[in-house]
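Just so you know, the sequences run in chain order A and B. Counting from 1, position 211 in the first sequence corresponds to residue 211 in our numbering; the numbering is continuous, with no gaps. Counting from 1, position 348 in the second sequence corresponds to residue 572 in our numbering; the numbering is continuous, with no gaps.
Please note: incorrect hints may appear among the correct ones.
In silico lysine-lysine, DSBU-like type, Cα no more than 35 Å apart, as pairs [said to hold, decoys possible]: (1) B:Lys-632 with A:Lys-140; (2) B:Lys-244 with A:Lys-111; (3) A:Lys-116 with B:Lys-236; (4) B:Lys-242 with A:Lys-140.
Note that these hints are calculated values from the structure, not bench results.
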Amino acid sequence: METVLHTKNIDKYFRNPVPFHVLKNINLSVKKGEFASIMGKSGCGKSTLLYILSTMDRDYEGELFINEDLITGQDGDTLSRIRNEHIGFVFQFHYLLSEFTVLENVMLPAKKLARKSYEEITHDAMEKLRMLNIDHLATKRASRVSGGEKQRIAIARALINDPTIIMGDEPTGNLDSYNADNVLDIFRQLSDEQGLSLLIVTHDTEFASKTDRIITMSDGRIIS
Amino acid sequence: MINWQVILSIAKTHLVSKRKQTITAGLGVTFGIGAYITLVCFMTGLNGMLDSLILDQTPHIHIFNEIEPSQVQPLEQKFKEALTQVHSVRPKQRKKNIHNAFPLIQNLTNNSDVMAALPQVNTQIFYVSGAIELGGNLTGMLPNEEVTYFNFDKYIISGTSQALENIPNSILLGVGIAEKMSLSVGDRVQISTANGTVQPLKIVGLFQSGIAEIDNVFSFSTVKTVQQLLGEPKSYITDINVKLFDMEKAFTLSRKLEKQHNLKAIDIKTANAQFETGTTIRNLITYSVSITLLIVAGFGIYNILNMLIYEKMNDIAILKATGFSGRDVQYIFMSQAIIIGILGGCLGLVLGFLLSLAIDNTPFDTQALPTITTYPVNHDPVFYIIGIVFALIATFFAGYLPARKARKIDPVQIIRGQ
Ligand SMILES: Nc1ncnc2c1ncn2[C@@H]1O[C@H](COP(=O)(O)OP(=O)(O)OP(=O)(O)O)[C@@H](O)[C@H]1O
Ligand SMILES: [Mg+2]
Numbered sequence: 001m002e003t004v005l006h007t008k009n010i011d012k013y014f015r016n017p018v019p020f021h022v023l024k025n026i027n028l029s030v031k032k033g034e035f036a037s038i039m040g041k042s043g044c045g046k047s048t049l050l051y052i053l054s055t056m057d058r059d060y061e062g063e064l065f066i067n068e069d070l071i072t073g074q075d076g077d078t079l080s081r082i083r084n085e086h087i088g089f090v091f092q093f094h095y096l097l098s099e100f101t102v103l104e105n106v107m108l109p110a111k112k113l114a115r116k117s118y119e120e121i122t123h124d125a126m127e128k129l130r131m132l133n134i135d136h137l138a139t140k141r142a143s144r145v146s147g148g149e150k151q152r153i154a155i156a157r158a159l160i161n162d163p164t165i166i167m168g169d170e171p172t173g174n175l176d177s178y179n180a181d182n183v184l185d186i187f188r189q190l191s192d193e194q195g196l197s198l199l200i201v202t203h204d205t206e207f208a209s210k211t212d213r214i215i216t217m218s219d220g221r222i223i224s
Numbered sequence: 225m226i227n228w229q230v231i232l233s234i235a236k237t238h239l240v241s242k243r244k245q246t247i248t249a250g251l252g253v254t255f256g257i258g259a260y261i262t263l264v265c266f267m268t269g270l271n272g273m274l275d276s277l278i279l280d281q282t283p284h285i286h287i288f289n290e291i292e293p294s295q296v297q298p299l300e301q302k303f304k305e306a307l308t309q310v311h312s313v314r315p316k317q318r319k320k321n322i323h324n325a326f327p328l329i330q331n332l333t334n335n336s337d338v339m340a341a342l343p344q345v346n347t348q349i350f351y352v353s354g355a356i357e358l359g360g361n362l363t364g365m366l367p368n369e370e371v372t373y374f375n376f377d378k379y380i381i382s383g384t385s386q387a388l389e390n391i392p393n394s395i396l397l398g399v400g401i402a403e404k405m406s407l408s409v410g411d412r413v414q415i416s417t418a419n420g421t422v423q424p425l426k427i428v429g430l431f432q433s434g435i436a437e438i439d440n441v442f443s444f445s446t447v448k449t450v451q452q453l454l455g456e457p458k459s460y461i462t463d464i465n466v467k468l469f470d471m472e473k474a475f476t477l478s479r480k481l482e483k484q485h486n487l488k489a490i491d492i493k494t495a496n497a498q499f500e501t502g503t504t505i506r507n508l509i510t511y512s513v514s515i516t517l518l519i520v521a522g523f524g525i526y527n528i529l530n531m532l533i534y535e536k537m538n539d540i541a542i543l544k545a546t547g548f549s550g551r552d553v554q555y556i557f558m559s560q561a562i563i564i565g566i567l568g569g570c571l572g573l574v575l576g577f578l579l580s581l582a583i584d585n586t587p588f589d590t591q592a593l594p595t596i597t598t599y600p601v602n603h604d605p606v607f608y609i610i611g612i613v614f615a616l617i618a619t620f621f622a623g624y625l626p627a628r629k630a631r632k633i634d635p636v637q638i639i640r641g642q
């Protein structure tokens, strides 16, 4: 099976306030359609790794490949485009543009990509909202919806450009168990039905147990 | 590739949702530009009026024959080697007229830089009416030419300069003299010259220059009348007033004339040096006040945009995380600044136009300036172009620095900071 993402010997250091070797020789790969989770103690470097994999953090050693293309060393504009086209990111805190409507939030990455007409983008965005059962919120302002709803909107936004991989940093960490289960179900369904690849950081063992593979980290290393 | 539609729609949403800040920043620009337009239109209007008051009537070069003691005294000619000392040197008795005036005028008229060279005969006289005798100055001139080249009729408040030409032995009197001697158009005034001739002249008009020293002393007649009055021949001319096509050439030409003809030739800049300084200072004040206002407006935009960027840190991080590049983010904030600049600037132009229109229609009654009824305003479209260009430049720079900061924001830091 083809891999959508893999890394070769990634190392990362923080220099402030003291030199600190935070990621040590990370070799990792995610296959197409795979739903993987990352677990590990607080402070072991999960978020740091995810920021590198999502191309937002460029300050590391080693190599990162997405769809077998070398990402490491590309310039900022190219990385922005790769992020726009290939990566859907879901944060722990529901990061939405609060002054825009729900629909506009979902549409923005597609408008930036500009591969489709506005009508098509609107149609696709509504489709994603409907799939996540929040289409009735489309015209509401993003600041006026609940936390669980916000997280589903963020997932819809991550899906809008049909990305190669969805990454999440504790996307259920801020939700009650009902909403957390709901988000897990959505991810599971996306993986099973649409063959989407997912890489999700979580502290929730129950969540992790329902994923295809658990990657365990400790002290900046992948241990299993 | 830059997707302006998306960038502008995000910028618009930010501006609309932060309506209060947007309006505050916009009004700063509006008042800055409005004040600039008002000030500059009013000030240049004022300058223009003062210019025309003095410059229109002032010859670019004034040629006359100044009485001064001979540079070389006869004694010195005789004893060239000796050390001579002559006390109490007096000027030689000689006539005030310009030698060979008409050939000189002809010569000047043929010069391609010269628009017109007009002869005048100036003389000291007394105005006599009954028992009153007032000292004064009578200028003989060519009325039609003076009107054409020096706007002479602008200050005639009753009668016409044409009548001066048509009616023999006529005079145009300064209002000050007319008032003092209770004379009006149609009356006669006795003129007595220095050599004792007394001649009645018919008053065909009154003029008011606004400058009391002139209105109380001067009066005008034709060259011919004054020559006859003085008993001088047709060649007797005391002054030549030259108008050039280009005022800037006055200085060089006047120097040349002095050298060639052994005459006094004063150019307009030398004659009105203090006036030139006044214009420069008024312009300086106008521009420094306007620029200060615009800089203040620029700082307003800078502050508000800076604040906006602090408030929008999360938005910036989200935009970058979802694939907007640093440049996109920079353009989003730059467009906000420029939209504020365009809207505020255009409103400022309208405000400035209305204010200067109001000034233009404010009555301005002054004895000194009889032909002016409202405050002078110069509605030159160039000021409006400068105004809007300046608004755009100021807002561009006010937006540039904060927007660059937004471009450099590291989304990872913001996301971690939560
Ligand atoms: N900007 C930074 N400068 C210096 N050290 C940092 C910085 N960011 C994170 N660290 C350190 O790097 C280590 C890894 O941080 P990271 O956020 O990746 O941990 P994590 O595994 O995501 O933890 P958690 O489960 O609590 O989110 C931590 O010890 C943290 O203190
Ligand atoms: Mg973390």
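Comparing the hints with the structure gives:
Between the alpha carbons of B:Lys-632 and A:Lys-140 the distance comes to roughly 31 Å, so the proposed pair stays at or under 35 Å and holds. About 28 Å separates the Cα atoms of B:Lys-244 and A:Lys-111, which keeps this hinted pair within 35 Å; it holds. For the given pair, A:Lys-116 sits about 22 Å from B:Lys-236 by alpha-carbon distance, which is consistent with the 35 Å threshold. With a C-alpha separation of about 18 Å, the suggested pairing of B:Lys-242 with A:Lys-140 holds against the 35 Å cut-off.
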